[in-house]
Amino acid sequence: MVNGELLMIKSLKQWFSRNQKVTDNGHYRYGNEHLIELRKVVKIYEGAAGKFPALKGIDLQVDTGEFVAVIGKSGSGKSTLINMITGIDRPTSGEVLVGDTAVHTLNEGQIAEWRGRNVGVVFQFFQLLPTLTLLENVMLPMDFCNMYRMREREERAMHLLELVGLADHAHKLPTAVSGGQQQRAAIARAMANDPPIIVADEPTGNLDSATSESIFSLFEDLVRRGKTILMVTHDLDLARRASRTILLVDGEVVDQLTADEAHARLMAEEASHAH
Amino acid sequence: MRIRPRWKKVWRDLWLNKSRTLVVVLSIAVGVFAIGMIMTSYTILSGDLRTAYLATNPAHATIFTFDSFGEELVTAIERMPEVKEAEARRRVLLRAVTGPEDTRLLWAVALPDYDDIKIDKIRPLEGDWPPPEHEILVERSALGLLKAQVGDVLPVKLPDGKIRQMRIAGLVHDLNAAMFVFDGVSYGFIHTDTLEWLDQSRDFNELRFVVEGENPSRDYIQQVANKVRDKVERGGHSVYFTFVPEPGKHLFLDPILVSISVIMGAMGAMALVLSGFLVVNTVAALLAQQTRQIGMMKAVGARTRQVMELYLATVVLYGLLALLIAVPLGAVTAFYFSRFIAGLLNFDVTSYRLPPNVLATEILVGVLVPVVAALGPIFAGTRVTVREAISAYGLGKGRFGTSMIDRFLLVIQHSAALRRRLSRPLLLSLRNTFRRKLRLTLTLLTLVLGGAIFITVFSVRASMMGTLRSWLDYFQYDVAVQFERDYRVERILQETMKIPGIDTAEVWGFYNTRRERPDGSHSDNIMLFAPPPNTKLVKPTIIKGRWLLPEDEAAVVVNSIVLRDEPDLDVGQQIVLKIEGKERPFTIVGVATGGMPMGTIFANYPYFARVSHNVGRGQYVFATTKIHTLAFQSEIVRALEEHFEYIGMDVAATAKVEEEMGEVEALFQVVIVLLLLMAVLLAVIGGLGLMGTMSINVLERTREIGVMRAIGASNRAVRRVFIVEGIIIGVLSWLAGAVLAFPLSYYLSDVIGKQFLNAPLDHTFSLPGVVIWLAVVIVLSAVASFLPAWNASRLTVREVLAYE
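As given, the protein sequences belong to chains A and B, one line each in that order. This note's numbering puts the first residue of the first sequence at 1, with every later residue one more than the last. This note's numbering puts the first residue of the second sequence at 1, with every later residue one more than the last.
So that you can see chain A by itself, here it is in the shape it has in the complex (with noise of 0.2 Å):
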């Protein structure tokens, strides 16, 4: 176990070092003071039924280094929320800018390839390529967005099996393994380019207690080592162990609480909702 814990200090060391850095005057590019900061930002969707607005001029800041938990109930633009910050996204009006990036002004090509190189995307239904092995799936990234040395890319993404537990597994097809392995392999994904920010939607949503506390385990070795990562969660017990937490309401941040507030923020207004 000891020697586990030290191949993977070793290996986060020498893994992960690629965190976004500040310009001299402390300020990005845009001027922006914080890793992410999204300025009066308003999604709206329109459908059938008419316009839906999603998030109602959200401002938000969250520095290098933060583990941030996104709670809310269904329906609260927790999932756009993030999808802004990765560009899965566009708001409607408002500025996303992270680190040297005004995320919003890119068009598709360029926020694909931004964001292969600078965020990790983990989602609920683990969304691995089913004809792909993990390790090429873990590999797919860094051919995409052609980081590192093609011989270069097993060795990594090997290592980031090993990180996450799933080396003996490296050459099975997803369908092979259980779904919190797929997660884990997912998060070695997210992980390929070795990106500032991880974003998670829900990734323990899918799994059992044990699973979820060794993926947020996971997560918390990956803030340690100088990541940024929001995850978007409805586990309020796991949101506890984030350093921030957001509780977001009908597209409104309500406040930026603790997590013991925001769990007691969210008790309250489901109560009120029941009376």
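What the hints contain is simulated information worked out from the structure, not anything from laboratory work. The reader is advised that the hints may include incorrect statements.
In silico BS3-like cross-links for lysine-lysine, where the CA-CA straight-line distance does not exceed 25 Å [said to hold, decoys possible]:
#, chain 1, residue 1, chain 2, residue 2
1, B, Lys84, B, Lys231
2, B, Lys227, B, Lys582
3, B, Lys227, A, Lys172
4, A, Lys172, B, Lys18
5, A, Lys56, A, Lys73
6, B, Lys227, B, Lys118
Calculated Cβ distances over 10 Å to all of chain B for the following chain A residues [as the list claims (entries may be wrong)]:
#, residue
7, Asp59
8, Thr92
9, Asp237
In this text, all values refer to a predicted model and were calculated from it rather than measured experimentally. Ideal Cβ positions, reconstructed from N, Cα and C, are used throughout, including at glycine.
Starting from the structure of chain A, add chain B where the hints point.
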């Protein structure tokens, strides 16, 4: 070598989805196969035919004479500066006895020197060479007609009824014999010394020559031929026919090969287009199925261009795999197909090769067509955003209920009468059919075209047979006899009517003539028929003017082809015909249509007999019989032959309408078989398309199947929903196909008629074809949707819930 994971994904997607890969690969392969097979066959056939034909040193022109001429005329012709070489032959028409009650026309050709044949060379294959005296070398394709083997003794009937026993001494191949064999006339070569034994003159009646100069044009050859003809006529001989084929091209086989390649080329192109549709369908479905994967690749950094490259590479791989199947299969099939066609047309395929241009075309077609077809779906499918990709959820896709068709379906289904009759699963199948309208359209297009062509083939066949029948009906005789020489008309009629079973008989004049134009040039050959006034054995449709009156003298009715070829002529004008060496003016009194697709003129027999110095005499008798079957016609012909022989009237040839019909039908059968082959190919593509569509539908509705299962649907019920959907698609395609077949069969009848018969076919729409295709398409649909339906019924609720 390190392979990038994205390319591994391409390969594994192909490998792990074997049935889908197989369907797409086969779809492309069918199109490539059709193109490759047709191109290779045509290259081989036309190349080998040309080589073989040129090796025979083909005559540039042939002059047939009524009377005989000697070697000195051949020498004189050869001395003409325009003539490179000339050679003469004697061709005699005999009747070979092929059975106790059956005879077969036999052309026996005598060549002056078998060791030095200069023009239209023949090739010894087996047995003796040159033909021994009183024996015959039979052209290989005629052996079957004669029902004999080499070494057999063949009884040959002379015009006076005498029988000569000729041994078949060997086999030869004469590339020019094909046209006779298709007419059902057998063909052989004899020694000149044998002629006298057959009561024939040793002199010649056919002059063949080659003109001087490299690659002379047909016009030039025609000019030389006219000069040669004039010289022959000045020598006191009567020219029956001058024949100038297109130089370097086989008169009979080249047009057949071109026709075959035109028809099959069109079908091949259609097969290719249809396989293109299948690719569109399958690739669109593949992308729809992989939407989440596309989104995920984009989420980890893939740009749209990179994703497009992946799917284009997939399609290129499909194409390459299809080439692996289609190229060798096309080459092997082309080999057997070429041999089959060459055998049918009586020439040999001597070389076998896969021409580089064909291979290049196959590669181009096999890769380019699928890529072009897939560009649209790939472009549309890979532009999906990550958000759209990961938010796709719920029960299946495809909207139902919004379009006009959907509303129409809902209205008819809600009608009280139908609701009682239609089961819920059947209603589900009916609605499912219209959920993915673009996919349904492409699937339908494939099946509709396949069906339309299938029905068209049947219609073209019916049109061919109808046209032939109308030609033969035009002349309403059952049997005909040609005598060796002229006999008195009264005697011919009297003796003919003595045979029980003969209904009516007429003696006709017949002459192969040509129009002498005012500028001194002359037309192509025109057939002049001279029936007696008030004939009952010809029924032309008059489109202008009138039919012949009994009192008409120098009057003729021409058919529309004469007017087409000689556009300055019309009713009321004069036409000058050359008869027995003299120019005879006639007035055109009417224009007729129908009959054979060649220039034909009708004149009254008494006047024709006068100008041809043959008053009261005739050589051809046409008769109707009381029963019109081939068996009865054969019986009558045999009775006529025996009777004429008994009374000493020499018979040269006999004909039975039903037999002639059968022989012409056999020629068309080749085309029909080819067309049917292509129709089957197209039906297979249609089936593959439907199978692909149904597989995709099953995949896409996996969750729905789970829901159906969860609420108690049995295996059989799940299967039935999909099979019924397949059959609904099949029946819809049948309806549209039958409608489309109507104009298509018109067009194809026109094209084929013009290619083969120089005239459009009388169009007949084949209802049996429509019914047969309905049966075929129902079976095809059921079979094509069975496998996907079976797969659907094997899905368990657990598997379905795990589907993501």
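Consistency of the hints with the structure:
1. B:Lys84 with B:Lys231: holds (16 Å)
2. B:Lys227 with B:Lys582: holds (17 Å)
3. B:Lys227 with A:Lys172: With a Cα-Cα distance of about 89 Å, the restraint between Lys227 (chain B) and Lys172 (chain A) is violated, given a limit of 25 Å.
4. A:Lys172 with B:Lys18: holds (20 Å)
5. A:Lys56 with A:Lys73: Between Lys56 (chain A) and Lys73 (chain A) the Cα gap is close to 16 Å, so the pair holds against 25 Å.
6. B:Lys227 with B:Lys118: Given pair Lys227 (chain B), Lys118 (chain B) holds - Cα atoms ~21 Å apart, limit 25 Å.
7. Asp59: holds (22 Å)
8. Thr92: holds (13 Å)
9. Asp237: The claim stands: Asp237 (chain A) keeps its Cβ more than 10 Å from every Cβ of chain B (closest is about 26 Å).
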